[in-house]
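Top to bottom, those sequences are chains A and B.
Each number in the working numbering corresponds to the 1-based position in the first sequence with 63 added.
Each number in the working numbering corresponds to the 1-based position in the second sequence with 252 added.
Calculated directly from the structure, the hints in this document are not laboratory data.
Please note: incorrect hints may appear among the correct ones.
Listed next, the in silico DSS-like pairs over lysine-lysine satisfying Cα-Cα at most 27 Å (straight line) [unchecked claim]:
1. B:Lys404 with A:Lys329
2. B:Lys404 with A:Lys537
3. A:Lys377 with B:Lys288
Keep in mind the model is a prediction, meaning the values are calculated, not measured.
Chain by chain, the residues run as shown.
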Amino acid sequence: MKSEELEVKAAAEIAKQQAFDVRLVCCSSTGCQSSGASAILAGLKAEIKTKQLEDKVQVCGTGCMGLCSKGPLVRMISKTQKEVLFSDMKPEMVAAVVDQVVVPVLTGTKIERPRGDLEHHSLDLDDPFFTMQYRVVLENNGRTDPEKIEDYFAHGGYQGLKRSLTMSAEEICKELQVSGLRGRGGAGFPTGMKWDLTRKVQSDVKYVICNGDEGDPGAFMDRSVLEGDPHAVIEGMLIAARAMNATHGIFYIRAEYPLAVERVEKALRQARVAGLVGRNVLDSGWSFDFEIRLGAGAFVCGEETALIASIEGKRGTPRPRPPFPAVKGLWNQPSCVNNVETLANVPRILRRGAKWFASRGTEKSKGTKVFALTGKIKNNGLVEVPMGITLREIVEVIGGGTGTDRTIKAIQTGGPSGGMIPEHQFDTPMCYEHLQQLGSMMGSGGLIVIDDRDSVVELARFYLDFCVDESCGKCAPCRIGGPQMLHLLIKIVDGKGTAEDIRTIRKVAKAMQKASLCALGQTAPNPTLSALHHFELEFTERLLPAATPQV
Amino acid sequence: MSTPIDVATTVKVVAAKATADAKDEVTLIANKWKMKRGSLIMALHDLQSRVGYVPRESAMRLGHQMGVPLARIYEVVTFYNYFKLEAPGKYVISVCLGTACHIKGSAGLLAGMEKELKVRVGQSTPDKEYHLQAVRCLGCCGLAPLVSVNGKVYGKLNTMDSCYVIERIQEDKPMALAQEEAVAE
Numbered sequence: 064m065k066s067e068e069l070e071v072k073a074a075a076e077i078a079k080q081q082a083f084d085v086r087l088v089c090c091s092s093t094g095c096q097s098s099g100a101s102a103i104l105a106g107l108k109a110e111i112k113t114k115q116l117e118d119k120v121q122v123c124g125t126g127c128m129g130l131c132s133k134g135p136l137v138r139m140i141s142k143t144q145k146e147v148l149f150s151d152m153k154p155e156m157v158a159a160v161v162d163q164v165v166v167p168v169l170t171g172t173k174i175e176r177p178r179g180d181l182e183h184h185s186l187d188l189d190d191p192f193f194t195m196q197y198r199v200v201l202e203n204n205g206r207t208d209p210e211k212i213e214d215y216f217a218h219g220g221y222q223g224l225k226r227s228l229t230m231s232a233e234e235i236c237k238e239l240q241v242s243g244l245r246g247r248g249g250a251g252f253p254t255g256m257k258w259d260l261t262r263k264v265q266s267d268v269k270y271v272i273c274n275g276d277e278g279d280p281g282a283f284m285d286r287s288v289l290e291g292d293p294h295a296v297i298e299g300m301l302i303a304a305r306a307m308n309a310t311h312g313i314f315y316i317r318a319e320y321p322l323a324v325e326r327v328e329k330a331l332r333q334a335r336v337a338g339l340v341g342r343n344v345l346d347s348g349w350s351f352d353f354e355i356r357l358g359a360g361a362f363v364c365g366e367e368t369a370l371i372a373s374i375e376g377k378r379g380t381p382r383p384r385p386p387f388p389a390v391k392g393l394w395n396q397p398s399c400v401n402n403v404e405t406l407a408n409v410p411r412i413l414r415r416g417a418k419w420f421a422s423r424g425t426e427k428s429k430g431t432k433v434f435a436l437t438g439k440i441k442n443n444g445l446v447e448v449p450m451g452i453t454l455r456e457i458v459e460v461i462g463g464g465t466g467t468d469r470t471i472k473a474i475q476t477g478g479p480s481g482g483m484i485p486e487h488q489f490d491t492p493m494c495y496e497h498l499q500q501l502g503s504m505m506g507s508g509g510l511i512v513i514d515d516r517d518s519v520v521e522l523a524r525f526y527l528d529f530c531v532d533e534s535c536g537k538c539a540p541c542r543i544g545g546p547q548m549l550h551l552l553i554k555i556v557d558g559k560g561t562a563e564d565i566r567t568i569r570k571v572a573k574a575m576q577k578a579s580l581c582a583l584g585q586t587a588p589n590p591t592l593s594a595l596h597h598f599e600l601e602f603t604e605r606l607l608p609a610a611t612p613q614v
Numbered sequence: 253m254s255t256p257i258d259v260a261t262t263v264k265v266v267a268a269k270a271t272a273d274a275k276d277e278v279t280l281i282a283n284k285w286k287m288k289r290g291s292l293i294m295a296l297h298d299l300q301s302r303v304g305y306v307p308r309e310s311a312m313r314l315g316h317q318m319g320v321p322l323a324r325i326y327e328v329v330t331f332y333n334y335f336k337l338e339a340p341g342k343y344v345i346s347v348c349l350g351t352a353c354h355i356k357g358s359a360g361l362l363a364g365m366e367k368e369l370k371v372r373v374g375q376s377t378p379d380k381e382y383h384l385q386a387v388r389c390l391g392c393c394g395l396a397p398l399v400s401v402n403g404k405v406y407g408k409l410n411t412m413d414s415c416y417v418i419e420r421i422q423e424d425k426p427m428a429l430a431q432e433e434a435v436a437e
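Use the sequences and the hints to build the structure in full.
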């Protein structure tokens with residue numbers, strides 16, 4: 064395909080969609096599928112067919128809309144009125160949706176909130192949960208069909224790639240630097256700088272690797288993006304490849320996410336047929352292709368050198384850096400590992416320009432961030448918000464508070480590597496620096512809300528147990544320090560600890576932070592330390608009464 | 253009255269056929285991956301998705317055909333949580349112990365499952381009908397706490413729901429991936 068044909072195909076798809084008066088999109092991500100979305104999608108298609116509305120109503124699947132706990136979700140998009148979002152759909156409701164809402168809308172009646180039984184199954188789109196979000200990475204999720212490349216074209220798809228083909232590698236890196244995009248996997252290293260470092264290394268073979276090994280328990284934004292908008296990640300990787308003169312692309316995806324793997328495979332096939340991947344990309348003379356490799360359940364493989372070892376078919380153990388992967392990565396060739404969400408931002412930056420991207424966020428943290436809001440919160444699910452929003456706005460306004468009579472005690476950000484933030488610090492703006500100052504980190508974006516009945520000591524034990532279990536065992540501080548800390552922490556949980564144990568925990572934690580080889584060991588003590596810092600009383604309350612002097 | 257069936261012979265025949273099939277599968281998998289660098293993990297995924305686990309005999313054959321020492325295969329299989337060395341039960345019940353599920357009481361759910369099935373986590377029932385395992389996060393945190401059975405997710409449970417899940421399994425009979433493929437073929 065020539066690059067001019069992109070617009071032609073996009074226009075054709077837009078015209079096709081415009082021909083329908085109503086578009087019904089049903090979430091087809093893992094979350095809603097497990098609530099029975101497949102039956103709803105099939106039911107809607109059948110109902111529209113029986114009612115002979117096929118030329119007026121389009122029915123298709125789409126990516127995650129965010130509110131997984133209220134799934135399956137169905138969105139009605141109409142030319143003549145506001146959107147309607149149906150929640151908790153049941154197969155027996157399908158006919159009512161068509162009869163009571165779709166048919167009247169087709170005949171010109173405006174139905175903003177359905178009545179009767181359906182009233183409780185439609186969500187208020189003016190709720191802050193929807194209005195306070197700003198969607199960049201998730202802009203197509205919940206709107207386009209992830210299994211149809213034409214739908215991606217119709218929403219500006221591959222325009223960023225097209226622009227990148229007219230730029231030099233240096234110019235693309237520069238554009239990314241101006242945008243201020245930082246790695247969304249956790250550490251927040253500036254993406255443009257990372258690309259530029261890899262670009263400057265001379266080599267005939269270079270790899271771009273997509274890190275889709277979302278190991279943080281409680282985070283699922285990467286799964287949702289891979290399932291809901293796979294082409295955006297592919298386009299992001301193609302642009303990354305242009306920026307670094309890379310020669311091979313590799314998707315590394317968790318084996319626990321079979322649907323994500325399936326969607327990426329399908330998207331790659333479509334992109335190859337369309338001439339966007341493979342030989343002579345968009346008739347530019349440049350060729351680039353991808354391979355998919357599966358993870359096998361190891362949290363440490365989120366660390367880039369461990370991930371590279373895993374792609375090489377070995378145990379996923381990290382190695383000392385330098386040399387950094389930018390110099391010696393996969394098969395000892397220069398490699399660049401980027402997170403899924405980072406890559407999904409890239410096409411949007413190229414399409415709309417670095418300045419547009421940098422116009423949102425704080426001085427040092429630009430753009431938006433997707434968070435997985437879970438735990439004791441009313442609105443469970445994925446939210447995308449501009450950087451700089453406060454935690455309070457996220458949990459209390461967007462999340463709607465606990466939804467029970469309990470109060471929120473703290474939030475854990477950054478998963479097993481992050482820390483707990485107590486309620487009195489919720490007014491801190493969300494950005495990489497501030498979270499670090501609070502003893503936590505951005506991490507991949509999991510936000511776990513705990514209420515006043517949950518024990519932080521128990522949660523600290525949970526995270527440490529996870530890290531001890533996932534430690535690869537290569538370096539001593541992590542292999543030995545982790546179990547020692549855990550042993551003492553369990554003692555405290557069981558009410559058998561002493562003040563001395565708390566001091567020892569702090570000492571061991573410091574040794575692990577300073578001496579561990581990779582981020583897993585360095586950050587494993589964080590949840591415990593932050594819990595100790597903010598809630599020391601909860602620990603001391605559980606200690607044995609001061610030992611009586613021995614006779 | 254039903255016709256009497258020689259159970260022992262049937263089992264033997266089925267087992268022999270399974271071994272023969274597995275051998276062919278191993279050759280197919282080895283041929284698919286041996287030319288690709290670093291593809292051991294992918295080959296093991298293929299094997300496990302077809303057989304349900306990594307049998308020692310298949311691992312030996314795979315290693316032989318791919319030119320990978322058995323020790324390397326075991327090094328990899330034992331490092332990654334995903335691979336199994338023993339045949340799991342017919343229904344693999346994975347209780348999610350991710351953070352969101354943990355906060356919502358997955359430990360209680362797991363304990364209930366252990367009690368209900370009379371096995372410990374990581375074990376199968378004596379009749380090989382159920383295998384109980386704990387997994388880290390299935391990425392459906394909005395539906396916490398949840399359980400996945402042969403890939404089918406049962407979400408929004410509560411800590412007392414172990415009975416309900418087992419009833420649902422008997423009703424839905426979610427098929428193992430390997431079996432589904434076999435039926436499709």
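Evaluated hints:
no.: 1; hint: B:Lys404 with A:Lys329; in the structure: holds (22 Å)
no.: 2; hint: B:Lys404 with A:Lys537; in the structure: violated (35 Å)
no.: 3; hint: A:Lys377 with B:Lys288; in the structure: holds (14 Å)
Hint check: a violation occurs at hint 2 only; the rest are consistent with the structure.
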